[in-house]
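A.B. asks: Given next are the chains, with one letter for each unit.
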Amino acid sequence: GENVEQHPSTLSVQEGDSAVIKCTYSDSASNYFPWYKQELGKRPQLIIDIRSNVGEKKDQRIAVTLNKTAKHFSLHITETQPEDSAVYFCAASYSGTYKYIFGTGTRLKVLA
Amino acid sequence: SQTIHQWPATLVQPVGSPLSLECTVEGTSNPNLYWYRQAAGRGLQLLFYSVGIGQISSEVPQNLSASRPQDRQFILSSKKLLLSDSGFYLCAWSQGLSYEQYFGPGTRLTVT
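Keeping their order, the protein sequence lines are chains E and Z. The opening residue of the first sequence carries number 1 in this note's numbering; numbering runs sequentially from there. The opening residue of the second sequence carries number 113 in this note's numbering; numbering runs sequentially from there.
The following block holds chain E by itself, in its conformation from the complex (with noise of 0.2 Å):
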């Protein structure tokens, strides 16, 4: 059936550095990669998404980008923060739906 990988499950990285998150999806049809924010106890909250027919999509300093060769696409967070610290969960379309494929979350610590 239709899979979106994620990784890293869980990631540390100290104030003010980079954090990466990558996915796989395996639905070639996928037009719509979002990406949420959970804290915890908390609703998923969106916090940037990208179409298919774009590379690259920047929000201060979130941003993310999309192979879809590869069948990948990534969220980049720069000058992390302690706030950024949550769960981060990718998605992907299902093909011919609205509905998503959501990936398996990535725990983001940020070390002040």
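Note that these hints are calculated values from the structure, not bench results. Given the structure is predicted, the values throughout are model-derived calculations rather than measurements. Positions of the beta carbon are idealized from the N, C-alpha and C atoms, including for glycine. It cannot be assumed that every hint is accurate.
DSS-like cross-link-like pairs, simulated, lysine-lysine; straight-line CA separation at most 30 Å [to be verified]:
#, chain 1, residue 1, chain 2, residue 2
1, E, K71, E, K37
2, Z, K192, E, K42
3, E, K109, Z, K192
4, E, K57, E, K22
5, E, K42, E, K109
6, Z, K192, E, K99
A few chain E residues that don't get close to chain Z, going by computed Cβ distances all over 12 Å [stated by the list, open to error]:
#, residue
7, S12
8, Q14
9, V20
10, T24
11, P34
12, Q60
13, I62
14, N67
15, K71
16, T78
17, D84
18, S85
19, K109
20, V110
21, L111
22, A112
With chain E held as given, fit chain Z onto it using these hints.
C.D. replies: Coordinates of chain Z only, in the frame set by chain E:
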């Protein structure tokens, strides 16, 4: 602006008891609606989605069911809860032909 509500926020139920969780969306019409379950420390599993009143698609076989009696109301039910039904239940909505999904605050269910 659009708002999504879920209740109750927390629930403790014994094994074998029934369940009813409710989700409502304000500020939009004809949304797509989704039910997800998140086990402790795990990812997001899509349970049901709906593109309109009375239209429900089930993603995984289980003892749960969903209904959409009104345009902006989505209900998750069970006749007899299992221990494995414990988790964080999240409702989400998206606008018709849009991909972006927005999550409600969630219901934390503990089956004892």
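A.B. asks: With reference to the structure, classify each hint as holding or not holding.
C.D. replies: Here is how each hint holds up against the structure:
no. : hint               : verdict
1   : E:K71 with E:K37   : holds, 22 Å
2   : Z:K192 with E:K42  : holds, 27 Å
3   : E:K109 with Z:K192 : violated, 39 Å
4   : E:K57 with E:K22   : holds, 15 Å
5   : E:K42 with E:K109  : holds, 17 Å
6   : Z:K192 with E:K99  : holds, 27 Å
7   : S12                : holds, 17 Å
8   : Q14                : holds, 24 Å
9   : V20                : holds, 19 Å
10  : T24                : holds, 15 Å
11  : P34                : violated, 7 Å
12  : Q60                : holds, 18 Å
13  : I62                : holds, 16 Å
14  : N67                : holds, 19 Å
15  : K71                : holds, 18 Å
16  : T78                : holds, 24 Å
17  : D84                : holds, 19 Å
18  : S85                : holds, 15 Å
19  : K109               : holds, 14 Å
20  : V110               : holds, 19 Å
21  : L111               : holds, 21 Å
22  : A112               : holds, 24 Å
Violated hints, in rising order: 3 and 11; the structure is consistent with all others.
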